[in-house]
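Participant: The chain contents come next:
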Amino acid sequence: MRRGRGLLAGIVLALAAAFLIAAPFGFKPYGIFILSMWAVMTIAAIGLNLTLGYAGQISLAQAAFVGIGAYITAYLTTKGWPFWTTYLIGGVSCFAIGWLLGYPALRVQHHYLAFVTLAFNTLIYLVFRNEEWLTGGIYGITKIPRPDVLGWSMDSPREFYYFCLAHLALVSLATWWLIRSPWGRAFVALRENPMRALSLGVDTRRYTLMAFALGAALGGISGALYAPLVQFVDPTPFALGLSLNLLLMVVVGGSGYLFGPFLGAIVAVLLPEWLRFTQGFYLMGYALLVMILMVFCPAGLLGLVDRLFKPAAKAARGTVAARPDAAAQSDSAR
Amino acid sequence: MSPVLSVCDLKKSFGGIVAVDGVSFDVNEGEILGIIGPNGSGKSTLFNCILGQLQPSGGEVRLDGRPVTGMRPCDLNRLGVSRTFQLLQVFPQLTVRENLILAGQEHKGTMLSRLIGRRDAGLSVAADQMLGFFRLDHLADEPAGGLSYGQQKLLDAAMAFMAGPRLALLDEPAGGVNLTMLASLRDRLKAINTEQGSTFVVIEHNMEFVMALCHRILVLAEGRIIAQGDPAQVRRDPNVIEAYLGH
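These protein sequences, in sequence, are chains X and C.
Be aware that the first sequence starts at -18, since it is given in the numbering used here, and climbs by one per residue.
Be aware that the second sequence starts at 161, since it is given in the numbering used here, and climbs by one per residue.
Chain C extracted, bound-state conformation:
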């Protein structure tokens, strides 16, 4: 079986700074892969290159064996790859439900059907289910900008799952979320992974969260993979200890 996502020798430099320096890895169906590394190790840049927000300087990205290097983010998203960003990204003036409808509406029909068709693009039920799943149902009609930070973070994640993606790339989903919310977020992600067989790649600084959630972990430092393996292996790896404590 071919991997869902396959990254081969990906490179990205900004002027003289090499942010991603020949990274290769595969992500298998149903896997939760964690990516950790010190600040500035190229994690977010790697995501941006995989997802078309940035054009990689070299290398290849394949989705289900098909080359998608440099494809536009909206086209990739419609192929079933969704993401969240490191900084919170919801639409503050839309209601919580409308944020979710927006996240799904471009995945079916045509521009014309979206103009003359139903206002909710037939997604109200799905949106409310997703809200129930993330325990945000009591906030459905509130403007997203009025939610607490943790709630917005949950909404942000919910939006990434609205279109039932094959692959979701989450950039620091736990950043700034309190402990109660964090447990709830981890449960939700695990549930989606087991129930829908969705595949995840997660960038995260919160070690406890990563160790509890991920099946396999990559460690990035200065744009290269310095270690990989299951959580216990990575924890013991001398290279990892060096990268985190060495400077």
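The shape of chain X in the complex, shown without the other chains:
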């Protein structure tokens, strides 16, 4: 049974990978752009999935980190800095800022934490919009160059798509490693029962900060790819809306599942494009679909798959997804 599931998952993964590699040959440049955007947003959602899905720390600030990564890359590459340097600076800065943003999470949880991170997102958005000397204000930063890899230019849509896809593959691999390691186990323990984890020697303070920092760093990497993909940054995309959208990706895909964000990003980035033919109705249809999914499967799309294949998992996964307050009894001790 277990081996059968593994084999099936392997086949599905291989088919998906083959599709992603072959896809640009069947799409027009706009289609390739949307697929690249999917890859970039998936990276940001993977980061949020670490913070929220695995470690259970709600964050409504992921868009701010995508923005910080994007602005750093945009600002520095247009000043002539090499892409990889700015990429590193973006990732490391977001890691550090994410670490600092983790401190409120040591004191407050759940909706209070949501408000703290929401305020942070708004603050960063205002910095992007108002500090014109640095960010160009509402006019943004234009003519962002695309990078070279070992002398090979990533200028064309197809090449840049593969560049994003390679990043997505590396990020997925690193995340897979992380969540299988004792860190992943400690993150899950932090989500399920922080007080018990603390009594078992898990330094919940350090793991909480790490969960924020790593999630933010992936947001920063996503932003560092966003800037050369769109070749233009302005404040609008990094407002609260994107943070909510990324949260939607994590929850709809299946919070706490490695591949949840991939599916979630399909729903949030690709589905609206496919529903364009309905014109004015697409937002309504989209909202309806998400509502139906959340009512019938609060554990997300992968939660649904899990339930179909493993009836026994229903009780354990479903109830925890539907009742995130299960761990709340321990909050008073933090």
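Hints were generated in silico from the structure; no laboratory data involved.
It cannot be assumed that every hint is accurate.
Only pairs whose alpha carbons sit at most 20 Å apart, straight line, appear in this in silico SDA-like list of lysine to any residue [claimed, not checked]:
(1) C:K268 with X:D184
(2) X:K9 with X:W255
(3) X:K60 with X:I70
(4) C:K268 with X:R187
(5) C:K268 with X:L159
(6) C:K268 with X:R161
(7) C:K268 with X:R186
(8) X:K60 with X:M135
To list a few chain X residues with every Cβ distance to chain C over 10 Å, as calculated [claimed, not checked]:
(9) V89
(10) A95
(11) E140
(12) F144
(13) T217
(14) W255
Residues from chain X that face chain C, not an exhaustive set, calculated with beta carbons under 7 Å [to be verified]:
(15) R161
(16) P163
(17) R166
(18) A170
(19) E173
(20) N174
(21) R177
(22) L179
(23) L181
(24) G182
(25) V183
Even for Gly, the Cβ is constructed at its ideal location relative to N, Cα and C.
Dock chain C against the given chain X, drawing on the hints supplied.
Facilitator: Below, chain C alone, put in the same frame as chain X:
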């Protein structure tokens, strides 16, 4: 020989309510000390103050003669003090084996070695031994949330012993466990005590269980120790009868 745990004049109040009112006692190496008392007598609060979950309002806690008052629970745990909680506390979505690995993984290595090192932190064998010891080996790969209440209670206790603690504080280990399981739990605890020389402090309402397991018993009422001694002495003590039957 200095006691493993030494509690001196420990106090804790919540607003106007004094939950623990100047409690002092020692726990010697290899001892099983029972703490009993009516509901609301401050037993769990006492545990929480000893273990850093709550900051005591006054007094001192020493471990092997070293002051550890108010130390963080995770640091205390790494010094060899483990505990269970009154309400069941396992990680339902982790498998039974992973619950045990988690209970041991933070005790060796560094954050870095836990990131790049082995997935099981080298603890699979130890975890399986512990599962065998608590007779849970057939459930190793099940999510802990799928176990029966009694089995989860055993797992909860097993987790407390995973890192080979010097001192384990168990808060109502027998609560809600059926008679067969109860005998098995008592046997396991006694075996750990004699084989590994571990020291226990046990809070429990089940008198039979306490009398059979503990070497010495403290009786708490309204935040104070009202009696102590071996099980037979405590059973006869008029203060104890008064506290249990008087109101």
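Participant: Using the nearest Cβ pair, does P163 of chain X come within less than 7 Å of chain C?
Facilitator: holds (4 Å)
Participant: If I take the minimum Cβ distance from A95 of chain X to any residue of chain C, is it greater than 10 Å?
Facilitator: holds (22 Å)
Participant: Under 7 Å is the threshold here; is the Cβ of N174 of chain X close enough to any Cβ of chain C for the hint to stand?
Facilitator: It holds, given that the least Cβ distance between N174 of chain X and chain C is near 6 Å, below 7 Å.
Participant: Would the non-interface assignment of F144 of chain X survive a Cβ cutoff of 10 Å against chain C?
Facilitator: holds (27 Å)
Participant: Within 20 Å, alpha carbon to alpha carbon, are K268 of chain C and R187 of chain X?
Facilitator: holds (16 Å)
Participant: For the hint on R166 of chain X, does the least C-beta distance to chain C fall short of 7 Å?
Facilitator: At about 5 Å, which falls below the 7 Å cut-off, the nearest Cβ of chain C leaves the hint on R166 of chain X intact, so it holds.
Participant: Take a quick look at whether K9 of chain X and W255 of chain X sit within 20 Å of each other, Cα to Cα.
Facilitator: holds (14 Å)
Participant: Would the hint linking K60 of chain X and M135 of chain X be met if the CA-CA limit is 20 Å?
Facilitator: At roughly 19 Å apart (the allowed maximum being 20 Å), M135 of chain X and K60 of chain X satisfy the hint.
Participant: Restraint: G182 of chain X near chain C, CB-CB cut 7 Å. Satisfied or not?
Facilitator: holds (4 Å)
Participant: Checking the smallest CB distance to chain C, is W255 of chain X really beyond 10 Å?
Facilitator: holds (34 Å)
Participant: For the hint on A170 of chain X, does the least C-beta distance to chain C fall short of 7 Å?
Facilitator: Since chain C brings a Cβ to about 5 Å from A170 of chain X, closer than 7 Å, the hint holds.
Participant: Please work out if K268 of chain C and D184 of chain X have their alpha carbons no farther apart than 20 Å.
Facilitator: Holds, at about 13 Å.
When each numbered hint is compared with the structure, no violation occurs for any of them.
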